[in-house]
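*Asks:* Could you build the full structure based on these sequences and the hints that come with them?
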Amino acid sequence: MKLAAALIALLALAFVPSLVGPYPLGLMIGILGYGILATAWALFSGPTRYISLATVAFFGLGAYTVAVLSETLPYPLVLLAAAAIGLVVALLVGLATLRLAGIYFVIFTFGLTELVRQLVTYYEVNVTRTLGRYVFLPFGPEHIYWQLLALLAATLAIAFWVRQSKIGLALRVIGDDPVVASHLGIRITRAKLTLFSISAVIMTLAGAIQAPRWTYIEPSIVFNPTTSFLVVIMALLGGPNRLFGPLLGAIPLFLLFEWLSANFPNHYSIILGLLFIAIVFVLPNGVLAAVDSVRARLTRKEASA
Amino acid sequence: MLSSAILTGLVLGGTYALVAMGLTLQYGVARIMNLAYGDIVIAASFAAFVLFSALGINPLLGMLLILPLGFALNWLIYAILLQPLARRSRDRGRLEGDSILATFGLLFVIQGVALVIFGSGFQSYNFLAVPVNILGTIVAANRLLALVLAVAFAIGLFVLLTRTRFGTVIRAVAANPASAPLVGVNVDSVARFAFALGGALAAAGGVVISMYLTFSATMGVVFTMKALIVVIMGGVGNLMGALAAGLILGLVETLVSTYIDPGLTLAATYLIFLAVLVVRPQGLFGKATS
Amino acid sequence: MTNLSRRTVMQGLGVGAMATALAGLPVFAQDRTAIRIGYAISKTGANAAGAGITTTPNYLLWVDDVNKAGGIKLSKLGVTLPLEVTEYDDRSAAEETVRAIERLATQDNVDLILPTWGTGANLAAGPTFDRFGYPQLAATAVTDMAPQLAARWKHSFWMLGGGHDYANALVELLVKQRDAGTINNKVAIASVADGFGIDLSKAATPAFTEAGFELVYDKTYPLGTSDFAPIINEVSGLGADTFVAFSYPPDTFALTQQAVVADFSPKVFYLGVGTAFPIYPGIAGPNHNGVMGVGGIDPDSEAVAAYFERHIALNGQAPDSWASAITYASLEMLQQAIERVGDIDREAISAELSSGEFDTIIGKVKLVDNQLRSLWTVGQWQDGKFVGLAHTERDGSRDPVVPKPDWVPAT
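Protein chains in written order, with this note's numbering: chain A, 1 to 305; chain B, 306 to 595; chain C, 596 to 1006.
It should be emphasised that the hints constitute simulated quantities derived from the structure, not laboratory data. We put the CB at the ideal spot given by N, CA and C, even for glycine. Certain hints may be false.
Partial pick of chain A residues on the chain C-facing surface, computed with a CB cut under 7 angstroms [to be verified]:
1) Y23
2) T121
3) Y123
4) E218
5) H267
6) R297
*Replies:* Structure follows, in structure tokens:
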């Protein structure tokens, strides 16, 4: 029943490009992009409570892979290569961060992103003697939209599966009680690495798919640390431990950014900042939790009536 | 050549350590991961710039005004914005998430106000840009000042924390905020004081770097991230650790620039940072979590 | 007010959709009250500082100038209309830039779109401008790819040349100095590892070598480097009379301060972006005199002098002496192209921009293959002005002062 509803929703969303103009389609692409990143982020960070700022490292690697390989390889192979690169880097990072916790993990992942950006820049400058790269692929916005939609569906399916499976349970132990987790040993380690890698590969693909939209790729465009922060904020806002939480955090925030930058281009920062502060105070447990508590209050009223 | 590179590196490291000093106090004692830290630094830079260029006030004298202002502002920020969050959160993870969101908002507010007042352009002025000859190496006096201040703050606060009763109280809160009240410590007021003191240190950093670095309203995040790297590498809450980490990063940057390739300086500093954490997950001077 | 209520009524009747469908048809004069200009510019993020100096003030100035003069005449419609602006913040992100243009073109249905600041952002915006058929006057993009890009996107116009233009002009100028015996054969180069620095150093390195110069130092440094003491210390011992840095604004200022502190005063001191900024003399103090850099203006041009005055009066800050005047000139071209076409017909306006000749503050301008090829390439601070020493098409406005005056030590 639920599966049927999900499939119908997916099918309906696939027709969006033929129904709306370029700007709403652009909005949908942006929402899908952030929705995927936030969901993928929460896949690992939700249960473990490890806040990762490495999102844009994988995102940027994906975009760069497309920029470098799109002229020499057929597109599906390029995506495969991007996924493989994301996987290898994720495994390396995963192994390096096994002993880290809390704020140390957060800043490690940030430092790692900057290191990747520095190395890509150094390679481009000294080996290829060029910095920007051009991606001329025959994709319109609708093609990017469909690919992102498919990726989001896959991400949600994986997230759904993880929640049901043993691996998800194992990870929640890490978040809830690190001491117990450390006694469980090797199984936990494997679960952690697996989920971190899956999450990273999805982020890499999200970057790879969106690269053709900008035509021009350079490190400062694709390794923009703001992206990592926004993804964290979106997932935290929606509630990282719910299946649709990150996505439902991404949608309103994305639209809010858009609305503010359009209507208050000169006071965007101030208003956005005040809203953030207000959100922390008004919705302490994320949007979905607030919806739940409202719903609970309503049912209680009904029951008493 | 080598001695010159080492000296230049230590001077640069002084800047890194100075900028990080306040953050390690804020995070170590008040447990606030303050993403708006760099914007406080920039705000102080703007204040020094205005005092200097509009009123002709020497930034060193300006510090007498800006430091107390930084203290007061951060005291208010903690009291109004962060204390309610600290009170309502039962565990540390919860406060971490809340403080990330709230200070992320604060970052935008401070940046937005600076944009409205000063616009988005670059600001820069020269002060104390005079050469100082140390053992045959020429360094800029203003950069040397950053190193001297960083060392002075680190030692001064170290003494304060380890040799005074008040320091013991602060360390008790840093070590265990849950049980500190059992021995009669007012956690709220200690955390507020530490946060405000950290803010004053941030302001000191902002004033000093404004003498030689170009800044703009949108550059705060650069300083936040640099400070976080230094704080984490040194070990959270450890002032000597922050000093050591800052100096190491400065040394690495300068040595790589001189002997390997200036193109790899930042890559090398991040690499050192990551390597330290892989070997010592709690930072250079941090205590291992049980 | 009447405008607002009419719009509300139209939306209320659901005519909005129909109006969009009819947008392709000629618009009747009585339907128009203004020419609607849209732009998304970086007001926050990494590009905000550059945009705030070079791009935004010129957009404001142009709109102010046009509206004070009564507007732009649309002869085919028989009206003169003022400009009306819709502005967004692209937050220095390529994705936002692209979406903002989609929004301006299809949602707001503005008549013309002005581009954002910076090379990367303009390249990223290219296909979107092209898709909707809006002319793109890229006045702050430096790229050697300009000929190919102009051929690919027919509505794009590249106004600031490529790395080769600036690098070759610098080398040519230095060859003359060397042959006259004023400087020696040694050159040291430091470049920022980002688009602009790499573009220029890639062109300059072979050009210097071919001209017989010895490159005693040729390295890059990463974006965000804050301390240049190691580089200056090393370079100062190499005996080069010429120091060249293809740098970005914060580096440009820091390099100057460090060179003065270390008393490294080469005969030619050349810096990249930021040298032409109005705040440079303030930062460098008396030492700005004789510093060379990218760009330049004609100090004898009355049009440029008047432009500087209007810019200061409106924005409270002087324009920079490189891309600012070109940005303003690109807007003048746009205005004249609209008036000649006499209607908001973007296809015809683009055609006129590519083939017409225009009167601007930088003189008569005619594009070659959609590119502005008449550019000041090397400038030098002389008597408080950043004067053009080399130009792609004409003689320099002043002779270079080499060696530059020795640094005045700070007290």
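*Asks:* Hints first: check each against the structure and report whether it holds.
*Replies:* Hints, one by one, checked against the model:
Residue-level restraint check for A/Y23 holds (minimum Cβ-Cβ distance to chain C is 4 angstroms; threshold 7 angstroms). The criterion of a C-beta within 7 angstroms of any C-beta in chain C is met by A/T121, whose closest approach is roughly 5 angstroms, and the hint holds. The interface hint given for A/Y123 is broken, as the beta carbon of that residue sits about 11 angstroms from the closest beta carbon of chain C, more than 7 angstroms. Look at A/E218: its Cβ gets to within about 5 angstroms of chain C, closer than 7 angstroms, so that hint holds up.
Because the smallest distance between the Cβ of A/H267 and any Cβ of chain C comes to about 10 angstroms, over 7 angstroms, the interface hint for this residue is violated. The interface hint given for A/R297 is violated, since its Cβ lies 37 angstroms from the closest Cβ of chain C, which is over the 7 angstroms cut-off.
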